[in-house]
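Going by the numbering used here, the residue at position 256 of the sequence shown is 263; the numbering climbs one at a time, nothing skipped.
Certain hints may be false.
Here are the computed lysine-lysine pairs in the BS3-like style, where the Cα-Cα straight-line distance is at most 30 Å [said to hold, decoys possible]:
id	residue 1	residue 2
1	K205	K222
2	K62	K356
3	K356	K205
4	K222	K62
5	K148	K170
6	K205	K62
7	K356	K148
Ranges of calculated distance between the beta carbons of each label pair, as one might list FRET restraints [stated by the list, open to error]:
id	residue 1	residue 2	range
8	N38	G146	25 to 31 Å
9	Q368	T236	50 to 56 Å
10	R22	G235	24 to 30 Å
11	G384	K216	31 to 37 Å
12	R107	S17	52 to 58 Å
13	D128	K216	23 to 29 Å
Calculated directly from the structure, the hints in this document are not laboratory data.
Computed from a prediction, not measured in an experiment: that's the story for all the values here.
Even glycine gets a Cβ: it sits at the ideal position worked out from N, Cα and C.
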Amino acid sequence: MSSTYPVALSGARARTLMWAHEHDVEPAALNQLRNISALPWVEGVRVMPDVHLGKGATVGSVIAMRDAVSPNAVGVDIGCGMIGVRTSLTASDLPDDLSRLRSRLEAAIPVGFHAHDEPVDLRRLRPVEGSGGRERLRGEKAFWDRFETLHPQVRQLETRARKQLGSLGGGNHFVEVCLDSSDQVWLQLHSGSRNIGKELAEHHVRIAKDLEHNKGLVDRDLAVFLAGTPQMDAYLNDLWWAQEYAARSRAVMMALAVQAVRDEFGDREITFDEGVNVHHNYVAREQVDGAELIVTRKGAIRAGKGDLGLVPGSMGTGSYVVRGLGNPESYWSASHGAGRRMSRSRARKEFTVEDLAAQTQGVECRKDQGVLDEIPGAYKDLDAVIAAQSDLVEVVARLRTVLCVKG
């Protein structure tokens, strides 16, 4: 167990515990955490080792509120998270040149601003078992029937949302082929709720900022909804739907990735273990110190006793599969990744395409200006982030990346 963490954040009003030292965190993020802790509805804040500045609420924060919720404590990419699955393939089964497999994955899963030409026909997909994979490729009608309950301003986006289900997006989202320490092949991907989640989140943030009880906040981006109000009920209705959309989208993409791998290996029989599908931008009602509170995790995974999770690094640096230790001090949470150590604009200024090629050597991936802001050097050291939370999770597997698809 870690003897160094947690440490209390100086100047915080509500109890704020950090799995990082203040001198290792940017001052703007520390001030943001103090602002969060000063909200009258906040019972406590927990800060993960991948912490960095966010919009309103800090990325890498877990916030427990009583009878309130802040949309920006979730973020605009509602339900963003990871899914991973171990295959029966080993490193020796992979071709020396992975470019064809990368092309298959890119053809199967739209990236960037692209979407499927038509909604994916879920009936033709073979689901990955576990984490609701089978259920999320079924029950389609009931899920989409709920779309009409979302805010009227997004109703015209249903066709687009249907076509974006099962597409990757851009930024730090990815599809990867990895190897564990036994040279077993894993598939994993990182994605969220695409445009529909963003539209819902931004719409509700605008509503929250105009509410009377938020007008005196030091940072209006921390505006909250209060329990028992129609505004909070409407937000949570839309949020629950968007979280499920994100999880379904990951299940669809994993099924598409699995099919691409099967196509690459022809008649060879390949088996796939149960998938791990976890959110790291989401809301849950949880029991904390004997009371039901609303817990938001923005850049954090649940790490209850035995919970499996995925903690990715950056393109080329691999990931960890972890199992939660159930530490109540962290609100049963752990980090969602390595976390950025510099902004995208700074990364584009400090690094070159040649740097990107050097830092992703041995990985089949894009090595161009379009993904320069995702260079590994723009992120914190993943191994150090994992080491800082040894009292929150145990390592199940260390994955190293051999192929990475980026938008």
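So, going through the hints one by one against the coordinates:
no. : hint                    : in the structure
1   : K205 - K222             : holds (23 Å)
2   : K62 - K356              : holds (22 Å)
3   : K356 - K205             : holds (27 Å)
4   : K222 - K62              : holds (18 Å)
5   : K148 - K170             : holds (15 Å)
6   : K205 - K62              : holds (13 Å)
7   : K356 - K148             : violated (47 Å)
8   : N38 - G146: 25 to 31 Å  : violated (44 Å)
9   : Q368 - T236: 50 to 56 Å : holds (54 Å)
10  : R22 - G235: 24 to 30 Å  : holds (26 Å)
11  : G384 - K216: 31 to 37 Å : holds (36 Å)
12  : R107 - S17: 52 to 58 Å  : holds (54 Å)
13  : D128 - K216: 23 to 29 Å : violated (41 Å)
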